[in-house]
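**Student:** So the sequences go chain by chain: A and B.
According to the numbering used here, the first sequence is numbered sequentially starting from 1.
According to the numbering used here, the second sequence is numbered sequentially starting from 261.
A couple of the hints might just be wrong.
Sample of chain B residues at the chain A side, in silico, Cβ under 8 angstroms [unchecked claim]:
| # | residue |
| --- | --- |
| 1 | 299 |
| 2 | 358 |
| 3 | 360 |
| 4 | 413 |
| 5 | 415 |
| 6 | 416 |
| 7 | 418 |
| 8 | 420 |
| 9 | 421 |
| 10 | 425 |
| 11 | 426 |
| 12 | 431 |
Keep in mind the hints are simulated off the structure, nothing from the lab.
For every residue, glycine included, the Cβ atom is placed at its ideal position computed from N, Cα and C.
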Amino acid sequence: MPLVSFHDVQKTYRSLQGVDYPALEHFSLEIEVGEFFCLLGPSGCGKTTVLKMLAGFEAPTAGRILMEGRPVAGASRDRAVVFQGDDSLYGWLTAVENVEFGLRMRHVHRTERRERARRYLELVGLRGQEQKYPAELSGGMKQRIQIARVLANEPKMLLMDEPFAALDAQTRTLMQMELASIWHATRTTVLFITHDIDEAVTLGKRIGVMQAGPRSRVKGVVDVSLDGARSRTDDAFLRYYKQVYEMIRDEVAKSLSRAD
Amino acid sequence: MRLARHLWTVYGGYALGFASLFVIWQLASIYLVSSVLFPPPTVVFKKGLLLVKNGVLLEHLAASLQRILAGFVAGSLLGIPIGLAMGSFLPVRKLLEPYTEFLRFIPSVAMITVAVIWFGIGEASKVFLIIYTTIFIVILNTAAGVSAIAPNKIRAAESLGATPAQIFFHVALPATVPYILTGMRLAMANSFTTIVAAELIAANDGLGKMLWDGRLFMLVDEIFVSLVTLGFLGFVTDRMFRWSIYTFAGKYSPAT
Ligand SMILES: Nc1ncnc2c1ncn2[C@@H]1O[C@H](COP(=O)(O)OP(=O)(O)OP(=O)(O)O)[C@@H](O)[C@H]1O
Ligand SMILES: [Mg+2]
Chain A
1 MPLVSFHDVQ KTYRSLQGVD YPALEHFSLE IEVGEFFCLL GPSGCGKTTV
51 LKMLAGFEAP TAGRILMEGR PVAGASRDRA VVFQGDDSLY GWLTAVENVE
101 FGLRMRHVHR TERRERARRY LELVGLRGQE QKYPAELSGG MKQRIQIARV
151 LANEPKMLLM DEPFAALDAQ TRTLMQMELA SIWHATRTTV LFITHDIDEA
201 VTLGKRIGVM QAGPRSRVKG VVDVSLDGAR SRTDDAFLRY YKQVYEMIRD
251 EVAKSLSRAD
Chain B
261 MRLARHLWTV YGGYALGFAS LFVIWQLASI YLVSSVLFPP PTVVFKKGLL
311 LVKNGVLLEH LAASLQRILA GFVAGSLLGI PIGLAMGSFL PVRKLLEPYT
361 EFLRFIPSVA MITVAVIWFG IGEASKVFLI IYTTIFIVIL NTAAGVSAIA
411 PNKIRAAESL GATPAQIFFH VALPATVPYI LTGMRLAMAN SFTTIVAAEL
461 IAANDGLGKM LWDGRLFMLV DEIFVSLVTL GFLGFVTDRM FRWSIYTFAG
511 KYSPAT
C-alpha cells in the first residue's frame, strides 16, 4: 500500500469575480513509503495546490486523498511542511527555539527537546547558531532552520515546496547535497516540489511531471535509477535530464501561451 | 571620552533641540511679547520649583497620572483580548465591528458630558473616559496585527501538531505584540488629551484643574507650569513606548 495516494482529485478555485478556475482535474498519484518523490511542472500548473491539499491546508473540490488508507482531513504532524519563503519561521524565537517548537507543543521535557533540537541543527550544519534570531540569519540558514524544525518533529512525511528556489546557485547545490544525505540517513518519505529539472534529477527517486494548467494532472512519472552521489556530468544523469526535459518542454510552452 | 562621544551622538541632537526651545522661548518672552501673559521659562521654572516644594504640583500630577494609568491599564486589558478575538474569529469580528466602527468615531471629549451625568464628577467618570479613549485604538491595532500574521506561520504550527489554543498563545499573540504596543502608544497620547479636557470641565484636582484654576485666578505662570508638565510627561511616556516597541518589534515582527 502506498503511503499517500491521490484518487481522481479535482480542485477548482473561485476567483473574487466569481469565475471558476479548474486548477486540477483527474489528478492521480501514489507515493511509496520511504521514497523521494519530485513533482515537477511549469509555473502555475498547480504544484503548490497539490501540496496544500496533502498538507491539509485546503480540501479538494472532488476526489480522495489518502494517507495510510485514511482520508486526509486537516493538518497533522504526520505531514510536515517546508515552505517556499521564510515567513513561516517565528521571528520572536531563536533558531533552537524554532526547531523545538513542535516538541514543546507536545510537552516534551525541556532538556530532552533542547538536546534533540541541537542535534538537528547540527545535522543541517547550523552548529553555533542556536541562539540567533531568524532576522540575524541568511536565506539559506533560514531554510535550514525550517528543515531542522520539521525533522526534529519526526513526521511520517516531508512536504517541501520549492524550498531552495530563492537561494543562490552555490547555496542551492550545497543544500541539495545536504538534503540528499539527510534523506539517505533518515529515509523519510519526501514530496519535493520544484520547477527545476536539474534539481529533480539530482534528488528524486521518481519524478512526476505535471502538465500545464488548467485541468492539470500528472503527465507521466520517470523512475530515476541512479544511486548515491549523482553527478551532473554522468551520461545516465543527462539521459534522465533529457527524458524529463522532453516531457515538460511542451507544457512550459503551453503554460506560456495561455491567455490569462 | 568615548562614552561622552557616544552620548553626544545619541542625545546631542535632543539636548540642542530642547535647549534652543527654551532659549527661543526666553528671548521671545522678553523681547517679542513682553507681557505678564507670556512668562519666560526662568519664571515658569521658578514657579514650578515652588509648586514642587509645597507639593501642589505633585498632587495634581499624581491625580492626573493615577486616572490615566487606571483607565489606560483597564482599557488595554479589555482591548487586547477583544482585539485578538476579533482578529482571530470572523463571527466575533462581525458581531463586534458595529460597536467598534460606530463608537470610535465619537471622540472621548464628546463623551465627557455623558460620563459626568452617569458617573458624577468623581474618579469614575475620568477613568471611564480614559478607558473609552484607550480601548478602541487598542482593539483596532490588535485586530490589525492578527490579520497581518503570515498565514504560513499558522500553517506551520498546525502541521507541527499545535492545537488551536497553542496556536493562539504561541503564534498569534507574540506575532501581534508590536501592533498591540503601537496601539497602546497611540492610546496613551490620546489619554493626555482626554484627561485634561475632562479635568477642565469637572474635577477637584489634576493638571487640567490646575489649568482651569490658573485661568480663573489669572495665575499665568501656573498655567505654564501645568503645560510644561504635560509636555514633559507625554514625552517621557511616549519614549518608554517607543523604546519597548523598538526592543520587541525587532524579533516580534509578524512578517519575518
Ligand atoms: N487561492 C487561489 N484562488 C484562486 N486561484 C488560485 C489560488 N491558488 C492558486 N490559484 C490558481 O491555481 C493555479 C495553480 O496554482 P499553484 O500555486 O498551485 O501553482 P504552482 O504550480 O505552485 O505555481 P508556481 O510554480 O508558480 O509556484 C494557478 O493558475 C493559480 O492562479
Ligand atoms: Mg507554487
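**Student:** Going through the numbered hints above, which ones does this structure break? Give me the numbers in ascending order.
**Tutor:** The structure conflicts with hints 1, 2, 3 and 10, although it agrees with all the remaining ones.
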